[in-house]
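Trainee: Chains as they are written, first to last, in the numbering used here: chain A, 1010 to 1258; chain B, 48 to 245; chain C, 48 to 245.
Hints listed in this document are in silico derivations from the structure and should not be mistaken for laboratory results. Incorrect hints may have been included.
As the list claims (entries may be wrong) - With a cut-off of at most 20 angstroms between alpha-carbon atoms, the simulated DMTMM-like pairs for lysine to aspartate or glutamate come out as follows:
id: 1; chain 1: A; residue 1: Lys1114; chain 2: C; residue 2: Asp115
id: 2; chain 1: A; residue 1: Lys1114; chain 2: C; residue 2: Glu84
id: 3; chain 1: A; residue 1: Lys1250; chain 2: A; residue 2: Glu1227
id: 4; chain 1: A; residue 1: Lys1117; chain 2: C; residue 2: Glu217
id: 5; chain 1: C; residue 1: Lys129; chain 2: B; residue 2: Glu64
id: 6; chain 1: A; residue 1: Lys1250; chain 2: A; residue 2: Asp1194
id: 7; chain 1: C; residue 1: Lys221; chain 2: A; residue 2: Asp1101
id: 8; chain 1: A; residue 1: Lys1117; chain 2: C; residue 2: Asp214
id: 9; chain 1: C; residue 1: Lys129; chain 2: A; residue 2: Asp1132
id: 10; chain 1: C; residue 1: Lys129; chain 2: A; residue 2: Glu1127
id: 11; chain 1: A; residue 1: Lys1117; chain 2: C; residue 2: Glu81
id: 12; chain 1: A; residue 1: Lys1114; chain 2: C; residue 2: Glu184
id: 13; chain 1: A; residue 1: Lys1117; chain 2: C; residue 2: Glu215
id: 14; chain 1: A; residue 1: Lys1248; chain 2: A; residue 2: Glu1227
id: 15; chain 1: B; residue 1: Lys178; chain 2: B; residue 2: Asp165
id: 16; chain 1: C; residue 1: Lys221; chain 2: A; residue 2: Asp1132
id: 17; chain 1: A; residue 1: Lys1117; chain 2: A; residue 2: Glu1127
id: 18; chain 1: A; residue 1: Lys1117; chain 2: C; residue 2: Asp165
Said to hold, decoys possible - Here are some chain C residues the structure puts well away from chain A; computed CB gaps all over 12 angstroms:
id: 19; residue: Asp50
id: 20; residue: Leu52
id: 21; residue: Cys78
id: 22; residue: Arg89
id: 23; residue: Ser96
id: 24; residue: Thr185
id: 25; residue: Pro186
id: 26; residue: Gly187
Note that beta-carbon positions come from the ideal geometry of N, C-alpha and C, so glycine has one too.
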Amino acid sequence: MSADIQKACRINIEDFEGPLDLLLFLIRRDELDVITIHVAEVADQYLKYIREAEDLNLDIAGEYLVMAATLTRMKSRMLLPVERALMEDTEDSMETLMRHLVLYKAFKEVASDLRENESIWRDVFAPPGERARYEEDITEIDSGQTSLLDLLIALENMTEKNAPPPLHRIHKPLLSLTECVSALDNLLPGNATRHFRDAIGENADQAIVVSFFVAVLELVKRGWLTTEQSYPFANITMKRKEERWEMNA
Amino acid sequence: MLDQLARQIEALLVATESPVTLSRICELTGCGTESAEQAVVRIEAELSSGGHAVVVARLAGGYRIVTDPDLGFIVGQLFEGKRHSRLSRASLETLAVIAYRQPATRAQVEAVRGVNSDSAMRTLLERDLIKITGRQETPGRPLLYGTTSRFLEYFGLSNLEHLPRMDEMENLLKLSAQDIERMASELSGEEIDQTIQR
Amino acid sequence: MLDQLARQIEALLVATESPVTLSRICELTGCGTESAEQAVVRIEAELSSGGHAVVVARLAGGYRIVTDPDLGFIVGQLFEGKRHSRLSRASLETLAVIAYRQPATRAQVEAVRGVNSDSAMRTLLERDLIKITGRQETPGRPLLYGTTSRFLEYFGLSNLEHLPRMDEMENLLKLSAQDIERMASELSGEEIDQTIQR
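Given only the sequences and the hints, what does the whole structure look like? Please build it.
Mentor: Spelled out as structure tokens, the structure:
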């Protein structure tokens, strides 16, 4: 491995925030000046680096490859004899790239200033405020306390799987009399006795309880079933009277 | 002039969200119970000799620094009239449906949200974030609701078209494509009408 | 020893939940702007001569009393686990572009940075450091983003003019405004084409 390759390998593509960041790094490393830099030089450096990264099977974001293509095109046009118009075009795009680099470099510097501010102000703590001590009960809302993002998140939450299903699905329909009677038919074999709540299940919801209760009343009316309740709200004991229940009869 | 230990404790008592116990103070500053107690006394003395607006309150087994109750007449005004609380989730959901569907009926809102939205809608009406815009010409002629200019102001929008579109929300909210599709169909008229007809 | 006006103002700066503007201080205490400013100076002097753990911070267009940064190592322990992580470099760069360019579109941010900035923008929205401010009246009507007052507080800035290197950046942005627009429209143009192809 040549010294150059070793140098290239030591830098990791993950450390860069994109092709501009990488370009700036290469320019600084080789002590070139952003303003007067020769595009062919940078292009070579950049392409070499990208090739190294590819050889290492690193995942290279598309932006890096677009930049590589741009640099290659600029370089080739400069080396080949081309028409004057094309030449000017290339000079223009080089100039634009350099301006872009200067701009990006400035923002990078600002970002690092902000990083400094962040590290100071992370160590600053404000008192929690004394609203709880003083707040009045009847109060109005103030602008800007809820952000648009809250609104969007609310929309998003409605689509989450844990969101309650629509109203019409929550209320299970009452079971039909026939359905309940046939279920009870199975639940009360022979002349066994059984508690109402046990028969339909402790966790049955209101709709189910009501449906079965109506069915029991119907069966009692027909004399096919007797019920006993020792005191109000106590469990109801059911006992089968008739062997065959023929609802349509 | 406060010494370093007293300064550290003062900082804790100012910044804390709930009273700090003596043992917590000792744990965080690495001092003993007695030194901590004495430091609190020094803080109190320094605050009072400087004529400061705060006092050390001994509450619920702990300490914290709060404004002197005799300044309540000034401090209370800070919190008068305005509530900085955010809208509840129910209100936000309701508002979101109305904003994107307007004009919308209560039934349409409830079809999307899947729950009764009476009280959320009342709150939004009271807070002037939604208004009645007319009646739908369908059986029962239900009331139609839309958002108000207060709504725009509240969310810092200059007009309704500035509400992010559904496709933009995908970028904003990391939603799966499936979620977006479902939401979009839920918010489009046909689906809601079908739900109601059922 | 603080006078009555300074005491009242100190109470406000301790009890508040967000920075209090000078005009609000005047409104609540009934004093003039100049007296209020002088009183704040007296508060600062008294706090410092007493060796107290707090300072007056000028943040987001107002004042509030906060703990001295040099005590962060002690106070931070109270909030362990609750503190946000530091912003990533991508987020900081994105935030810088939005702060100086605001209102800015996502395409403009990406044009300057040269990389996709979706997830950085999402983080910033989630952390309430940027917000949607409207739409740009250009084809596609992209959403516009700006910084929040939380942004100013987070970086300890009293207002947007106090952003680092303001003059330098303003000049630079003026010079490259055209470049940015061109690159941004290329970016959003590309995106649209891709979407259509799919």
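Trainee: Among all the numbered hints in the text so far, which are the ones the structure does not match?
Mentor: When the structure is compared with the hints, numbers 1, 2, 11, 12 and 16 turn out to be violated.
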